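Engineer: Take the sequence shown: its position 86, counting from 1, is numbered 86 in the working numbering, and each next residue is one higher.
Source of the hints: derived by calculation from the structure; they are not laboratory data. Remember, it's a predicted structure, so these values are computed and weren't measured experimentally. Don't take each hint at face value.
To be verified - Once the Cα atoms are required to be at most 30 Å apart in a straight line, the calculated BS3-like pairs of lysine-lysine come out as: (1) Lys229 <-> Lys120; (2) Lys116 <-> Lys149; (3) Lys219 <-> Lys171; (4) Lys112 <-> Lys96; (5) Lys219 <-> Lys202; (6) Lys53 <-> Lys96; (7) Lys116 <-> Lys222; (8) Lys202 <-> Lys149; (9) Lys116 <-> Lys150; (10) Lys116 <-> Lys143; (11) Lys86 <-> Lys112; (12) Lys32 <-> Lys229; (13) Lys222 <-> Lys149; (14) Lys222 <-> Lys143; (15) Lys96 <-> Lys86; (16) Lys229 <-> Lys156; (17) Lys156 <-> Lys219; (18) Lys219 <-> Lys143; (19) Lys116 <-> Lys86; (20) Lys120 <-> Lys143; (21) Lys171 <-> Lys149; (22) Lys150 <-> Lys120; (23) Lys31 <-> Lys7.
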Amino acid sequence: MQALKEKSVYGLIGRNIEYSFSRNYFNQRFKKEGLSGHQYVNFDINEVSSCSKVFDTTYLKGCNVTVPYKQRIIPFLDELDEGAQKIGAVNCIDFKNGRKIGYNTDVYGFQKSLEKQLFKNDHRALILGTGGASLAVGYCLDKLGIEYKKVSRTSKTGVITYENLSEEDIKDTQIIINCTPLGTSPNISLKPPIPYHAISNKHYLYDLVYNPELSSFLKEGKTKGGRFKNGYEMLILQAERSWEIWNNNR
Numbered sequence: 001m002q003a004l005k006e007k008s009v010y011g012l013i014g015r016n017i018e019y020s021f022s023r024n025y026f027n028q029r030f031k032k033e034g035l036s037g038h039q040y041v042n043f044d045i046n047e048v049s050s051c052s053k054v055f056d057t058t059y060l061k062g063c064n065v066t067v068p069y070k071q072r073i074i075p076f077l078d079e080l081d082e083g084a085q086k087i088g089a090v091n092c093i094d095f096k097n098g099r100k101i102g103y104n105t106d107v108y109g110f111q112k113s114l115e116k117q118l119f120k121n122d123h124r125a126l127i128l129g130t131g132g133a134s135l136a137v138g139y140c141l142d143k144l145g146i147e148y149k150k151v152s153r154t155s156k157t158g159v160i161t162y163e164n165l166s167e168e169d170i171k172d173t174q175i176i177i178n179c180t181p182l183g184t185s186p187n188i189s190l191k192p193p194i195p196y197h198a199i200s201n202k203h204y205l206y207d208l209v210y211n212p213e214l215s216s217f218l219k220e221g222k223t224k225g226g227r228f229k230n231g232y233e234m235l236i237l238q239a240e241r242s243w244e245i246w247n248n249n250r
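When you get a sec, could you build the whole thing from the sequences and use the hints?
Structural biologist: This is the structure we're talking about:
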């Protein structure tokens, strides 16, 4: 652990990330553990190509990546671990021996938090959204043997549009996962446009949004007596996994 006392910089790469959980979480952790030489900063960039300048930051040891760059940043990395390669999205970068190695810790955080309320008869899911986070969610559901369909605003191969999502689609599934930013503070009244009247107490609504604690999407599940969970625990778990990667790979 001696190496942890040296000057080390970590950060979050994204766009419009002043709200970020990660900076506060890690800086509080550094203070608690007495790591006075450590700091975690936001790298708020307008274009993914600007990550090249971020990578030149002195003492940079690791980064997290958030929207909209989880997929776009991959060409700027030297290597992906097996999970990130299969998922096609990166939310954690480790800088080791001059190489930039991409990982996906979202899948770890999501699976650990999802499983706590899973029932044995939860066999089908709907994933709302097709961004980087949805790739990790789909990868996790594949591992758990849960069939899923993706839903998006635009028509794509293998994806249902919200316009074509039916009441029967809702009734035929047990888990509905919001991977979109809809409902995030301050726009707390927003939610994905699905047939909420078809939701019942058999459903498990999971929202990657964590602020507010109870989103408009999750309120629909709570009102119907179903299971519901926000993305806060997933966020904590993926952050802890990132910290393990940054330190165990030294």
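Engineer: All hints, please: hold or fail.
Structural biologist: Going down the list of hints, with the structure as the test:
1. Lys229 <-> Lys120: holds (18 Å)
2. Lys116 <-> Lys149: holds (22 Å)
3. Lys219 <-> Lys171: holds (18 Å)
4. Lys112 <-> Lys96: Roughly 27 Å separates the two Cα atoms, so the pair holds.
5. Lys219 <-> Lys202: holds (15 Å)
6. Lys53 <-> Lys96: holds (17 Å)
7. Lys116 <-> Lys222: Since the Cα atoms of Lys116 and Lys222 sit roughly 17 Å apart, the hinted pair holds (cutoff 30 Å).
8. Lys202 <-> Lys149: OK: Lys202 and Lys149 at ~18 Å, within 30 Å.
9. Lys116 <-> Lys150: Answer holds: Lys116 to Lys150 is near 23 Å, not above 30 Å.
10. Lys116 <-> Lys143: holds (16 Å)
11. Lys86 <-> Lys112: Given pair Lys86, Lys112 holds - Cα atoms ~19 Å apart, limit 30 Å.
12. Lys32 <-> Lys229: With Cα atoms ~28 Å apart, Lys32 and Lys229 stay inside 30 Å; holds.
13. Lys222 <-> Lys149: holds (23 Å)
14. Lys222 <-> Lys143: Cα-Cα ~27 Å, so holds.
15. Lys96 <-> Lys86: holds (21 Å)
16. Lys229 <-> Lys156: Holds. Lys229 to Lys156 sits at ~28 Å (cutoff 30 Å).
17. Lys156 <-> Lys219: Between Lys156 and Lys219 the Cα gap is close to 29 Å, so the pair holds against 30 Å.
18. Lys219 <-> Lys143: holds (28 Å)
19. Lys116 <-> Lys86: holds (25 Å)
20. Lys120 <-> Lys143: holds (15 Å)
21. Lys171 <-> Lys149: Status holds; Cα separation ~13 Å.
22. Lys150 <-> Lys120: holds (22 Å)
23. Lys31 <-> Lys7: This hinted pair holds, its Cα atoms lying about 14 Å apart.
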